[in-house]
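Chains as they are written, first to last, in our numbering: chain A, -11 to 86; chain B, -11 to 86.
Treat the hints with caution; some may be incorrect.
Copies of the same chain look alike in the list, so a pair counts if it fits in one copy or across any two.
[Said to hold, decoys possible] Calculated cross-link-like contacts (lysine to any residue; reagent style SDA-like; alpha-carbon spacing at most 25 Å):
#, residue 1, residue 2
1, Lys50, Glu70
2, Lys84, Phe48
3, Lys56, Pro5
4, Lys84, Thr58
5, Lys4, Thr78
Calculated from the structure, these hints are not laboratory results.
Number of protein chains: 2
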Amino acid sequence: MSKSSREPNVIYVGRKPPMDYVLGIITSFTGSNANQVTLKARGQAINTAVDAAEIARNRFLKDVSVHKITIGTEEMPPREGEGRARNISTIEITLKRT
Amino acid sequence: MSKSSREPNVIYVGRKPPMDYVLGIITSFTGSNANQVTLKARGQAINTAVDAAEIARNRFLKDVSVHKITIGTEEMPPREGEGRARNISTIEITLKRT
Chain A
-11 MSKSSREPNV IYVGRKPPMD YVLGIITSFT GSNANQVTLK ARGQAINTAV
39 DAAEIARNRF LKDVSVHKIT IGTEEMPPRE GEGRARNIST IEITLKRT
Chain B
-11 MSKSSREPNV IYVGRKPPMD YVLGIITSFT GSNANQVTLK ARGQAINTAV
39 DAAEIARNRF LKDVSVHKIT IGTEEMPPRE GEGRARNIST IEITLKRT
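Take these sequences, add in the hints, and give me the full structure.
Dropping the structure here:
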């Protein structure tokens, strides 16, 4: 996952509540008139990303559907005091206007 | 999500550690010689399902890849003392032998 936040129409999902990201999705689709928006998340935030995608398309953006979902694994540097790198799961959910 | 646990090659992911489900995936692919296995999870277990799928295919089953991922929403009965039904996100990850 790129650390750049300049990638257009990509929303990095973290520890905020799902509705924060729903707002971001709506803003991307309506404000900048994007045709598709990708949510990227890893670890525990995967659940939040799925929630945000589902809330956005079921409740707010009826003309948007899930275009593509991919999962992957990223290697993270070891935590302090631990010797080994950790693997963490990632997800990318692309929503597209139909 | 069906409540039947008799559906062949479907693994319901819950609150156990990911490795428990990885073992289930391996058993399905090798023991019953299945061609594909579907993981189903909801809520917080979505993260565990992605972890299990990733660990299984990266570490143990090199000839297995992600065939399909779908997300959805399920209505759950309200918690005790709450009046409203809750919506919960779901995921289905199908792994297939390549």
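For each hint, the structure was consulted:
In this assembly of identical chains, the alpha carbons of Lys50 and Glu70 never lie at most 25 Å apart, being 46 Å within a copy and 28 Å across copies at closest. Taking identical chains as interchangeable, the C-alpha atoms of Lys84 and Phe48 lie at most 25 Å apart only when both belong to the same chain, with a minimum of 14 Å there against 34 Å between chains. In this assembly of identical chains, Lys56 and Pro5 lie within 25 Å of each other by CA distance solely inside one copy; the values are 23 Å within and 27 Å between copies. Taking CA atoms no more than 25 Å apart as the test, Lys84 paired with Thr58 passes in both settings, with 15 Å inside one copy and 15 Å between copies.
Taking the closest pair of Cα atoms, Lys4 and Thr78 come within 25 Å of each other both inside a single copy (17 Å) and across two copies (19 Å).
Comparing the model with each earlier hint shows a violation of hint 1 alone; every other hint is respected.
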